Structures are given as C-alpha cells and as structure tokens.
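Dock chain V against chain X, hints included.
First to last, the protein sequences are chains X and V. One gets my numbering by counting positions in the first sequence from 1 and adding 82 to each. One gets my numbering by counting positions in the second sequence from 1 and adding 172 to each.
None of these hints come from the bench; they were simulated from the model. Because the structure is a prediction, the values reported are computed rather than measured. For glycine and all other residues, C-beta sits at the position ideal for the given N, C-alpha and C. Where hints are given, some of them may not hold.
As the list claims (entries may be wrong) - Just the calculated beta-carbon pair ranges, DEER-fashion: (1) V:D196 x X:F231: 37 to 45 Å; (2) X:L240 x V:D437: 47 to 55 Å; (3) V:W456 x X:A217: 19 to 27 Å; (4) X:V254 x V:D351: 48 to 56 Å; (5) V:E249 x X:L238: 30 to 38 Å; (6) V:D196 x X:V188: 51 to 59 Å; (7) V:D351 x X:W257: 51 to 59 Å; (8) V:A441 x X:S374: 37 to 45 Å; (9) X:S149 x V:K234: 17 to 25 Å; (10) V:G424 x X:F231: 44 to 52 Å.
Unchecked claim - Selected chain V positions facing chain X (Cβ under 8 Å, derived; list incomplete): (11) A362; (12) E503; (13) I573; (14) A599.
Take a look at the letters that make up each chain.
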Amino acid sequence: MSARAVRPKLPFLGVAGRHNRVPSPYPWLMPVILVMGLFYLYPVIDVFRYAFTDLTLLGGEGHYTLSTFANVLTRPELLQILWVTFVFTAGSVIGQQVIGLAMALVVVRSEKRHLFGTTILRTTALIAWVVPGIAGGIIWKMLFNEAPFGGLNSLLRLMGMAPVQWLSDPDVVMWSVVLSNVWRGTAFSMVVMYAALKAIDPSLYEAAEVDGASARQKLFFVTLPQLRPAILVNMILITIQTLNTFDAIISLTGGGPGRATEVLSLYTFNVVFRNYDLAAGSVLSILMLVISLTLALIYAGFLPKDDKA
Amino acid sequence: MKKSMLAALAAATALGCLPAIAEDLITSDRVGPSDAPKKMVFRMTGDGPSSTDPTWAAGYAKLYTDFINNHPGWQLELQMMTGDISQEQARMLEQAKAGHAPDCAAVDSFVLPLFKQAGVLKSLSPYFTKEEVDQLFPFVRDGVTGKDGQIYAWWWSTDLRVLYRNKEIVPDAPETWADTKAAALKSVEAGMEGILFNGSRYEGTTFDWLGNFWGQGGKLVDDAGKPVFADADNRDKFVKAVNYYRDLVESGAAPKRVATIGNYDDFNAAAAAGTTAMFVGGNWQYRQLQNSMEPEEFAKWTFSMLPGITADERSTGTGGWTVAAFSSEPEKVEMCAALAREIYMGPANALQEQLPTRADLYDKYEVFKSEANQTFAKALKVGQARPGVLIYPEISNQIQIMMGKVLTGAETTDAAVDEAFKATLDAYARL
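Okay, chain X solo, but in the shape it has when bound (with noise of 0.2 Å):
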C-alpha cells in the first residue's frame, strides 16, 4: 500500500467526521494572508489601478484611460532606456554569478586547506554586502571622481597611468556603475554558491577521482552540474534585484551623463518624483514586473524538473 493511499483525507474548511477531526489551516493562515494582502497586493492592486488613469501629484482627482499606456510606451526615450538597463543588469548579473562562484570555490578549497585568511575574504565580501546602495554609491563616487584628488585616478597616477574618465566618458560610464553594483552583490551570489558546494556529495568527487578526472574536469563535469538548480535560483533572485536597483546609480551619477546610465527603475523614480506623474510611473512599474517575471519564468524553465518514480 502507498504512502498515499493511507493519507487521511484533509476536510474543506476543517470540517470533518467525529473521529478524524483536523483542524482547518485557514486560521494559521489568515495573519500572513492578511499581511501579504495590505503590504504587498493592495500596492501591487493600486498600481494597476493609477495605471489607467491620468493622475499626477499636482493636483485633480485624474480620470480613468488607456491613453497613459499608449503615451508611455511609445515614449522616444523608452527604447533607450531599455537598453541601458539590459547592459546594467546583464553586465551586474554575469559579474555577480561568475565572482561570487570563484569566491565561493576559493573559500571551500582554502577551508579544506586550513589556509589563513578565509574568514577575512568572507566578512570582506559581505561588509559590501551590507552596505546601503546610496552609501555603496557615494562610496564610489569619491573613487570615480575625476578631480586631481579623486580616488582610483590618484592611483593610477602613482603607478605613471594616465587617468580615465569613469563617469564622464558615456562610453566607459556603464562599466564603472556596474563595477560598483558586481562590488555590492557579489556576496550574496558567494554565500547561495558557498552554501550550495557545500551541500555537494563528497562522493562524487572521489569517484571523479578513481576515474583519474582534472580539477578542470571536476569543475566542469561535477561541480557546475551540481550547482545549476543554484545557480538558476540565484540568477534569479539577482536578476530581479538588479532591475530593481537605483539608489545606487543615483548617488553615483544621477543617471547621467544625459542618459547613459539611466535604468528603468531610476527611469520610474523620476517619472514619479521629478515629473510628479504617478500613472506613467504607474505603467512603467507594471513593464518591470512583466520583464522580471518574463526573465524568472525563462530561468525556472531551465531548472531541472523532479525525477519522476
């Protein structure tokens, strides 16, 4: 008999006979339904709502229309926009995957070895993680900065380079952006990618072993098989973190030059906060949320699906 077959049957609503009475998981359920409904789908609900209006911040109640759609969507700049944010989050999500995995690998070989200096590595990475995007930016601002003073130019001074143009040259600009963003993520990539080698079986790489297998073979035929439904999750999560992402970009360049490096999230801020346009802010918040599902539902289907009995 199957461990199915002897399961009782779970009453709708908890109502049930006398004898097997379960109780209904609703009430357990309700704080986190309540919870998640006010704080995460009334705002979600309320976007979709001012998206089919006209409302802005400087006054009138705003009327409901389709127009706000049309005239977003077909905005000049949009495009660009659109691509800017493709290279920021390609370029952010690349860097923070293959770094953090090469850390991540780096802090398991040298904790196998008992090598010195594991631990400041780890806590290194993970002081950037912890760091407020606006500071992270700051942070980076003075090391981009231009000046005869300015950080990472001073550097190169010393060593007889000629310095460069991080933030002003729009050809280099998104580059030095994503630099600080791969800076500021990379960490959590190390620790999904820490956590998943450790969960690696041993085994496996003792048979690769007896078969006389390279390092380079273990890597490629053991270790990044083992850590692909990790490292889908966290491109994942990392992809939809980066999309999200402006407080860094603003506080280090504002999005500019012009537009260099405006992404569609600092996009929207402005929309919102310089324009006062709450229903084109609206329609562009409702284009990140079909772009970050459309990108999580292409990586989900390259996870790997459940052996079947």
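Below, chain V alone, put in the same frame as chain X:
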C-alpha cells in the same frame, strides 16, 4: 546589607530622574518640553539646530530656544529632510495631497508653484502686515502670492550665482564669456583644472547655467506658461548659451568632469585643495570658503557677477527657501507663521548670511553692510527667479539631460536642444 541596597537603588533612581529634571529644550528631533500640550511638526532643511556648521547650529539653537520660550505650552517636532531636495519636496507634495503633510515645512521656492497649484497650503496673509509683504522683492512677492491675492508661504532667504576666482591666478573679474574662457585657459597653464560648474543630472546644473540664457533676454516660458525656450525667438540665444559651456569643455578651459559634478561642495573641495582657480557657485559658499580655509588662503578668493555674452548682457539665477503651513488647525498655522517671522525673517538671514528677501533687512543687520554682501545685493538686481509654472521641473530635467549629452560630446548641440524642447512640449501637452 538591605540598607546599602536600598541606598544604591535610591541613588540609581535619582540619577535616572536627572535627565528628566534637567531636560534639554532642544534635542535632535524636538524643541521645547516633551510634555508640552501643544505640538507642531516642522519639516526642515539643515537651516536649523542640526546644521552641520557648528557656529550656525549654536546660533539656531539659541534662536529656537528663545522662540519656544516665547510660546509656552508648545513643542516643535523637527523632521529633517535629506539632501535630495527634489525627492523630498515631491514626497511632501504627495503626503500633503493625502492629508499627511507636516503642520509646517520648508518649501523650496522653485517648487512652491506646485504646492500652490495643488491647493495644499494655508494662507499666511492674516499673520503678516501689508507693509511687511510690500517690503518683499517683487519676484519674491509674486512667488508667494496665490491667484486669490493671499500669501501662501513666507520666502525668507534668497540666493544667487556668482563667479568665484582665485585673485592670484585670475586677478581681473571676467565680464564676458570670452574673458572667462581666456582666464580659465590661463589657469590651466598654471596647472589648474580650469573653470568648474555643475553639469550632471542636478537642478543646480540648469539653474546655474540659466543666467547665460536670461542675460541675452531669453525666455523659458511664455505668459501662459508654455515652454518657448527653443522657439523661433529664443532658440538662437539658447544654443549660444549651451555652446558657451560646450566650448569651455572642448577647449580645455573646463575639465570634462564637469559633466559629473552635481554638488556645490565639490567646488569648495577643489578650491581648498588648490586645484581650481574659478568656479560658478552660490553666494552662500563665500562663508563656507571662509570657514574651511586658512585666512591667508581665503584672502586669495573673491567673486564677481556671472559673465555674459557681452558685459552688458548679464543675469543670474535667484532661488531661496520658504516656510509654509499645511495644518488644518488655525492655531498651528499661526504658530508656523510665528516661526517664519521670529526665527527666519531676519535673524536666520543674519546668522547664516543668507540674503534677505526684504530690502529693509539689508539696513537692519550689520552683517549685510559688508562689502561682499553689498556686492551680492547689487547682483540681485539682475537676478531672475525660475518661472513659477508647473512645467518648470520638466524643463529643468530636460536641460540637465541635454547638458550631459553636450558636455560629453555625445550629441551635437542642435540635436540635443531640439530633443529637449520636443520632450518638454510633449510633457506640457500631458499636464
């Protein structure tokens, strides 16, 4: 043993009560006794007891203490704004529309029209005499007055932009754009960075530069509030003013990094570090330079009116801060007006050397008789405030974007100006 424990407890209790007995009238978020029955929430900038300048903080602490002593039974809850003024003001407008604004707040003069339009401000007319209102500079009076003739804020300080220079390197005040470029290039030859100005995504970028456009007689909006800055009458003046900045960067008279500057503190830092000899800054920086430099270093610095395309076509942007009331309780509105009158209308101007908005106050306070402040006051005569229209924030936003493209050479001036004008007209059509 029991006795000694009781004594220790009594001593600890007494010590614990001490702070309550000797309660400070001023804390970081409160002025007045914490048990005062009446409370007014005041959202403020750094112009208060929490000023980062110790002298000003001490001065404001005294002003606020005197104020609260004059109003027994009241306490003020102080809410500090962050440095991102545009965001702070937008949030406050949103809160005001939802009925959750503070009772009284500092409102930046350039967004005051938005608050007036939204109908969230309470009239302060009953609390100021006609004579006091008449003493306000015309652009200030127009700014605070609503369509119904009532005043909806008290504009207590104004400021303006000037050209600072190191006299050792640039002895004579540049009067024209050509003079400025020549002087900046000369400073570059002396190992300096050249002239510095705001050029990033920042309100100061627009405002500091607008004097170059206004000086030629350019207009941002027409009488109906429609953007006209790049129409047939104004485009040429606008493009010339943009090209002035572009030429400064392309010729090396200004470093390319100006496209990343969005903070007046950067100029103070560069001046203190001796890496620049000229910058476009605000009048309040004169005192900041004085406070941050050694006297012999500060003595090298002076300022002059912003240059123009010719010496006779010059202007400068004037801004400033207001105090406005949001509360629906008349008693709190009156308290807000009293705060504006007793702390900010004169005493705060004198303390921070922030230029008053009333002509008579320049004679009342000794500090405004100094040569520097007299020069600022003269420059105010050619000052222009930002137009009090709803579309101004978007005009400014588009000018900031355009300036970034132009200063980095990403686009031609004509293309960038046309894009900015079209985007502004589109936004105007949506209002």
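Results of checking the hints against the structure:
1. V:D196 x X:F231: 37 to 45 Å: holds (39 Å)
2. X:L240 x V:D437: 47 to 55 Å: The hinted range 47 to 55 Å is violated for L240 of chain X and D437 of chain V, with Cβ atoms some 25 Å apart.
3. V:W456 x X:A217: 19 to 27 Å: holds (26 Å)
4. X:V254 x V:D351: 48 to 56 Å: Since V254 of chain X and D351 of chain V have Cβ atoms about 33 Å apart, the given range 48 to 56 Å is violated.
5. V:E249 x X:L238: 30 to 38 Å: violated (49 Å)
6. V:D196 x X:V188: 51 to 59 Å: This hint holds: roughly 52 Å between Cβ atoms.
7. V:D351 x X:W257: 51 to 59 Å: violated (39 Å)
8. V:A441 x X:S374: 37 to 45 Å: holds (40 Å)
9. X:S149 x V:K234: 17 to 25 Å: violated (56 Å)
10. V:G424 x X:F231: 44 to 52 Å: violated (19 Å)
11. A362: violated (13 Å)
12. E503: violated (27 Å)
13. I573: Constraint on I573 of chain V satisfied, holds at 5 Å.
14. A599: holds (7 Å)
Checked against the numbered hints listed earlier, the structure breaks hints 2, 4, 5, 7, 9, 10, 11, 12; every other hint is satisfied.
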